[in-house]
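Visitor: So you can see what is in the structure, the chains are spelled out below.
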Amino acid sequence: MNASERPRLGRGVRLRREGDGSAMLLVPEGALMLNGTAAATLELLDGHRTVGDIAGALAERFDVDVERAQRETGELLQRLAERRFVELP
Amino acid sequence: MTAPRALSLLCELTYRCNLACPYCYNPLDLRRFRDELTTAEWSRVLAEAAAMGVVQVHFSGGEPLLRTDLYELIAAAHGAELYANLITQGTFLDDAAADRLLAAGLDHVQISIQAPDEGLADWIAGARVHARKLDALRRIAGRNVALTLNCVLHHDNHDSVDAVIALAERLGVGRLELANVQFYGWAFRNRSALVPTREQIRRTGAAVDAARGRLRGRMEIVYVASDYFSDFPKPCMNGWGSTFLTVAPNGDVLPCPAASAISGMRFDNVREGSLATIWAESEAFQRYRGTGWMPEPCRSCARREIDWGGCRCQAFLVAGDAGLTDPACSLSPHHARLQALHE
Ligand SMILES: C[S@@+](CC[C@H](N)C(=O)[O-])C[C@H]1O[C@@H](n2cnc3c(N)ncnc32)[C@H](O)[C@@H]1O
Ligand code: SF4
Ligand code: SF4
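Top to bottom, those sequences are chains Y and Z. Reminder that position 79 of the first sequence reads as 79 in our numbering, one-by-one numbering, no gaps. Reminder that position 255 of the second sequence reads as 255 in our numbering, one-by-one numbering, no gaps.
Extracted from the complex, chain Y is given alone in its bound form (with noise of 0.2 Å):
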């Protein structure tokens, strides 16, 4: 997904997070588990940010750096984006 993308979560997707601070993403028909960096990266989606501004926030975050964020960020999104649990506007 490019960098300047804004997407969002798809309809009928909701980020869920649990008391021990792991967090679910709830879809039609199921439940998807998901690891820290997924979850802080659709803990970000709006709408309005674009790939390019959250993957910045998580090189940040994670302490990594930019382009590594920018590809993982885009890829992460665009598989999310194939089954519709993300979206563009």
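These are calculated hints, taken from the structure and not from any lab test. Please note: incorrect hints may appear among the correct ones.
Unchecked claim - In silico contact screen, one side only, chain Y against chain Z (beta carbon under 7 Å); selected entries: (1) R11; (2) G12; (3) A23; (4) L26; (5) P28; (6) E82; (7) R83; (8) R84.
Claimed, not checked - Derived DEER-like restraints, expressed as beta-carbon distance ranges: (9) Y/M33 / Z/V222: 14 to 22 Å; (10) Z/S330 / Y/E60: 49 to 57 Å; (11) Z/T39 / Y/E72: 43 to 51 Å; (12) Y/R49 / Z/E169: 37 to 45 Å; (13) Z/E41 / Y/E60: 46 to 54 Å; (14) Y/R8 / Z/T39: 34 to 42 Å; (15) Z/T277 / Y/E18: 19 to 27 Å.
Every residue gets a Cβ at the ideal spot worked out from N, C-alpha and C, and that includes glycine.
Starting from the known structure of chain Y, arrange chain Z with the ligands on it as the hints suggest.
Guide: Then chain Z with the ligands, alone, in the frame of chain Y:
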């Protein structure tokens, strides 16, 4: 063994329905379920489910919109932070109902059709309802809620699969579920008329693959295979008592929606105990949880934690004992009985 965390609750609010689909998996003998839980009892079930860690609730039946308290129950689920899913055939889904469902906090609706064209659809449903169902689909597609179109595939409509996909595209639904008929309840009774041919299964598989490629990112197609045509069984319920539980209209708590057909199995009822205790301790849930109950060939099979020995209800219906390897498995000594149906 200690109970894992239940994540998903199916509330079968009623088995009443105005249609008569020959493929319906609902139980044949409805007398036992006539004394339906009250609104207060269902609300308690939802609160208990949320407290024990369930995250998603599916309202189904029968036709759930025949329960006038459906909106209240969806609101209760939503209030308890449960993801609320409605599974309906749509014949009662008018504008007012749609407004109330959305206001109650519904997350997702699944609407089923019997076939893509009116004549065949109404013939399968046993009533003139297809046009009304299409109205419901358009109504929901135009609102801010996720929508799945569902069509159960069997001998009489397998050949219409391309038209079902085209209809889903025209309606603009985000998700299409094409489910091969699973043989429980009425479907088991009517199995010889419903079972598709091997050629139908092959052609539909190819049509689904092609459509998936073409529609990637626009529409998700969920294809539920037919275990009558596979070498290995489905991982039914992802393992008995592992994540799913069903509450039947009368409050019986079932490890699988089809389990009430297993004669001799006793089910605890939410009127007499808490959902959490029943999930963790009831005999019905304990009986086939994990792998300890397994006979050969499952016991020593490398796939035992992939498919969990398949479906207990199917083992009961086809092989006469819920504690046997699912006869859909090619390694089952009863596999020939299941194959006899379509060969
Ligand atoms: C039992 S129905 C109840 C909800 C509603 N009456 C309806 O038909 O949409 C639940 C869902 O299961 C599907 N279904 C019914 N019988 C089935 C079967 N034998 N195999 C697979 N799916 C089935 C229906 O199409 C529907 O999507
Ligand atoms: S599948 Fe649904 S609509 Fe058809 S008879 Fe069963 S409950 Fe009614
Ligand atoms: S023998 Fe049992 S565990 Fe092995 S594939 Fe068949 S059903 Fe699954």
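Visitor: All the hints need checking, so say for each whether the structure fits it.
Guide: Cross-check of the supplied hints:
For Y/R11, the shortest C-beta to C-beta distance to chain Z is roughly 4 Å, which falls under 7 Å, so the interface hint holds. Hint status for Y/G12: holds, given a least beta-carbon distance of 2 Å to chain Z, under 7 Å. The interface hint given for Y/A23 is violated, since its Cβ lies 11 Å from the closest Cβ of chain Z, which is over the 7 Å cut-off. A distance limit of 7 Å between C-beta atoms decides the matter here; for Y/L26 the minimum to chain Z is near 4 Å, and the interface restraint holds.
Interface restraint check for Y/P28: the shortest CB-CB distance to chain Z comes to about 4 Å, inside 7 Å, so the restraint holds. For Y/E82, the interface hint holds, the least distance from its beta-carbon to any beta-carbon of chain Z being 5 Å, beneath 7 Å. Among the interface hints, the one on Y/R83 holds; its C-beta lies about 6 Å from the nearest C-beta in chain Z, closer than the 7 Å criterion. The beta carbon of Y/R84 comes within 5 Å of a beta carbon in chain Z, closer than 7 Å, and the hint placing it at the interface holds.
Under the hint 14 to 22 Å, the C-beta atoms of Y/M33 and Z/V222, about 20 Å apart, fit the expected range. Distance hint check for Z/S330 and Y/E60: the Cβ-Cβ separation is about 54 Å, which falls inside the suggested range of 49 to 57 Å. Range check, Z/T39 to Y/E72: Cβ separation about 48 Å, and the 43 to 51 Å hint holds. Our hint of 37 to 45 Å for Y/R49 and Z/E169 is violated, since their Cβ atoms are close to 31 Å apart.
For the pair Z/E41 and Y/E60, the beta carbons lie near 51 Å from each other, so the given range of 46 to 54 Å is met. Distance hint check: the CB atoms of Y/R8 and Z/T39 are about 35 Å apart, consistent with the given range 34 to 42 Å. The beta-carbon spacing between Z/T277 and Y/E18, approximately 22 Å, falls within the hinted interval of 19 to 27 Å.
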